[in-house]
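Asker: Put chain B on the given structure of chain A with help from the hints.
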Amino acid sequence: QTVVTQEPSLTVSPGETVTLTCTSSTGEVTSGYFANWFQQKPGQAPRALIYGTNIKHPWTPARFSGSLLGDKAALTLSGVQPEDEADYYCLLHSGGVQVFGGGTKLTVL
Amino acid sequence: EVQLVESGGGLVQPGGSLRLSCGASGFMFSNYWMSWVRQAPGKGLEWVANINEDGSATYYVDSVKGRFTISRDNAKNSLHLQMNSLRGEDTAVYYCTRGTIGTPGTDYWGQGTLVTVSS
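Here the protein sequences line up with chains A and B, keeping their order. 596 is the number that my numbering gives to position 26 of the first sequence; each next residue is one higher, with no gaps. 155 is the number that my numbering gives to position 68 of the second sequence; each next residue is one higher, with no gaps.
Isolated chain A, as found in the complex (with noise of 0.2 Å):
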């Protein structure tokens, strides 16, 4: 099956703009792919963020964005809070199978 890779960490300062990738090994993420992703706090369950690539759910915080960079499915947080220190999954749709990237781990310094 599909193999889905994220940048495993990134480390980003309070204030500044980040984002976070999902590849797949089977070529270019398209809008077909109809990208998720999600937040996940240490000792909590996921959270959903964005899903269809770019369309944020009700509760989503604005200062998160989901986009296609390139060959890639993207999620851009512009004005990092500390809060936003979390692990981040991308989700990628192949037809009824889905598969998770290995996920992000966000250090807010």
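In short, the hints are calculated from the structure, not lab data. Incorrect hints may have been included.
[Said to hold, decoys possible] Quick list of in silico lysine to any residue cross-link-like pairs, SDA-like style, CA-CA up to 20 Å:
no., chain 1, residue 1, chain 2, residue 2
1, B, Lys152, A, Gln571
2, B, Lys130, A, Asp657
3, A, Lys675, B, Gly131
4, B, Lys130, A, Gly672
5, A, Lys675, B, Lys130
Remember, it's a predicted structure, so these values are computed and weren't measured experimentally.
Answerer: What follows is chain B alone, placed relative to chain A:
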């Protein structure tokens, strides 16, 4: 308020079976795709299986095909995962999730139930 509550986890020996359930409330259950996602201790998320609105279509990750069966009871607003021939690598927290309507996605997650496969 949308709620997903998993149950049925526990300790099981290798080769054994377990049936997970997810009780749904706060929404019209029969209108949504549902999925199971798992997370091994200290590891990332892994999609396990999903099922369409009326249960006529199911999909699985390769590693559980032939061993796990996802099903649903729309009359009882419940989702199930029958797990047979369990292995150590199936040890994980299992989450029940709800799909979005229209555009493929996942919105709500349960709190998870822990399955431990060990002798």
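Asker: It remains to establish, for every hint, whether it holds in the given structure.
Answerer: Against the structure, the hints:
1. For the given pair, B/Lys152 sits about 13 Å from A/Gln571 by alpha-carbon distance, which is consistent with the 20 Å threshold.
2. Taking the CA atoms of B/Lys130 and A/Asp657, the gap is about 11 Å. The hint holds against a cut of 20 Å.
3. A C-alpha spacing of about 11 Å is found between A/Lys675 and B/Gly131, which places the hinted pair at or below 20 Å, so the restraint holds.
4. For the suggested pair B/Lys130 and A/Gly672, the alpha carbons sit about 8 Å apart, so the restraint of at most 20 Å is met.
5. The straight-line distance between the Cα atoms of A/Lys675 and B/Lys130 is roughly 12 Å, inside the 20 Å bound, and the hint therefore holds.
Going through the hint list in order, the structure satisfies each hint without exception.
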